[in-house]
Amino acid sequence: MSVSGTGEIIAAVLILIGTLMSVISAFGLIRLPDVYTRSHAGTKSATLGVLCTLTGTFIFFWFVNDFISVRLILGIVFVFLTAPVAGHLISRAAYHSGVPMTEDSVQDQLKEDMEKKKKTQSSKEDE
Amino acid sequence: MLEIVGYIALIFLSISICIGLFRVIKGPSMPDRVIALDTIGINLISAVAVISITLDTGAFLEVILLLGILSFITTVAFSKFLERGVVIERKRDR
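Protein sequence lines, in the order shown, are assigned to chains Z and B.
Throughout the first sequence, residue numbering follows the working numbering, covering 1 to 127 in sequence.
Throughout the second sequence, residue numbering follows the working numbering, covering 1001 to 1094 in sequence.
Chain Z on its own, in the form it takes in the complex:
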């Protein structure tokens, strides 16, 4: 088997895995109960899916067309760096704008910490 045939097979498998991961993350988007679990589904597995797809594309252009694309490497690195940051920012904005958690959740440590911080600040102001 030639080199380009092997590259095609690897690229096809990676692309299929990546797009399946995207479909699974989309089903997580409609099935999960509240914002935080949905952001968990929408950022992690969708990021892994797009990383697999872009790696498959990179391997396809490398083995079949003999073309190493720096733009694809940059895109992979950029998506890998920025998608979790975006998920963190939007979950934080959701918490601070008062979106409620689902009723199944059992603990909220951020709320306890924020109340403790508020209490120490108010006692400092009293002194």
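To be clear, the hints were calculated from the coordinates, so they are not data collected in a lab.
Any given hint could be a false lead.
[To be verified] Label pairs and their computed distance ranges (CB to CB):
| hint | chain 1 | residue 1 | chain 2 | residue 2 | range |
| --- | --- | --- | --- | --- | --- |
| 1 | B | E1089 | Z | V85 | 17 to 25 Å |
| 2 | B | R1092 | Z | V85 | 36 to 44 Å |
| 3 | B | G1085 | Z | G5 | 54 to 62 Å |
| 4 | B | I1025 | Z | K117 | 32 to 40 Å |
| 5 | Z | K111 | B | D1056 | 50 to 58 Å |
| 6 | Z | L81 | B | P1028 | 40 to 48 Å |
| 7 | Z | V3 | B | K1026 | 22 to 30 Å |
| 8 | Z | Q121 | B | I1073 | 32 to 40 Å |
| 9 | Z | F80 | B | I1088 | 25 to 33 Å |
| 10 | Z | V70 | B | P1028 | 40 to 48 Å |
| 11 | Z | H96 | B | L1055 | 25 to 33 Å |
| 12 | Z | Q121 | B | L1055 | 53 to 61 Å |
| 13 | B | V1086 | Z | V3 | 24 to 32 Å |
Computed from a prediction, not measured in an experiment: that's the story for all the values here.
The C-beta atom is built at its ideal place from N, Cα and C for all residues, glycine as well.
Add chain B to chain Z, keeping to what the hints say.
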């Protein structure tokens, strides 16, 4: 072989973009919609990659980088707007 795989992958990506669109329309709160739009942008990136494979051209690879940067900037701007009420703050002491 890779053309058939590309078509199957495009069908999968269209399904996930449609589900994200359902969440954008229905979503009970604003951050839900922003998360769904971010996911749609990420799926669009991989759709552009798969399309550039099926057309067998390397001309669309800048689009991947641009879509990644744009979706990150929009998500950051929306989350800052939801948290603070403004996107670009004024200088304080003046």
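Tested hints:
1. B:E1089 to Z:V85: 17 to 25 Å: holds (20 Å)
2. B:R1092 to Z:V85: 36 to 44 Å: Because 26 Å falls outside the window, the suggested range is violated.
3. B:G1085 to Z:G5: 54 to 62 Å: Once the Cβ atoms are compared, 57 Å apart, the range 54 to 62 Å for Z:G5 and B:G1085 holds.
4. B:I1025 to Z:K117: 32 to 40 Å: holds (38 Å)
5. Z:K111 to B:D1056: 50 to 58 Å: holds (54 Å)
6. Z:L81 to B:P1028: 40 to 48 Å: The hinted range 40 to 48 Å is violated for Z:L81 and B:P1028, with Cβ atoms some 30 Å apart.
7. Z:V3 to B:K1026: 22 to 30 Å: The hint (22 to 30 Å, Cβ to Cβ) is violated, given that Z:V3 and B:K1026 are roughly 48 Å apart.
8. Z:Q121 to B:I1073: 32 to 40 Å: Given range 32 to 40 Å: holds, Cβ gap about 34 Å.
9. Z:F80 to B:I1088: 25 to 33 Å: holds (28 Å)
10. Z:V70 to B:P1028: 40 to 48 Å: Taking Cβ atoms as reference, Z:V70 and B:P1028 lie about 42 Å apart, which means the hint holds.
11. Z:H96 to B:L1055: 25 to 33 Å: For B:L1055 against Z:H96, whose Cβ atoms are near 44 Å apart, the range 25 to 33 Å is violated.
12. Z:Q121 to B:L1055: 53 to 61 Å: Holds: the Cβ-Cβ distance is about 59 Å, inside 53 to 61 Å.
13. B:V1086 to Z:V3: 24 to 32 Å: For B:V1086 and Z:V3 the Cβ distance comes to about 55 Å; the hint is violated.
Of the numbered hints given earlier, the model fails hints 2, 6, 7, 11, 13; all others are met.
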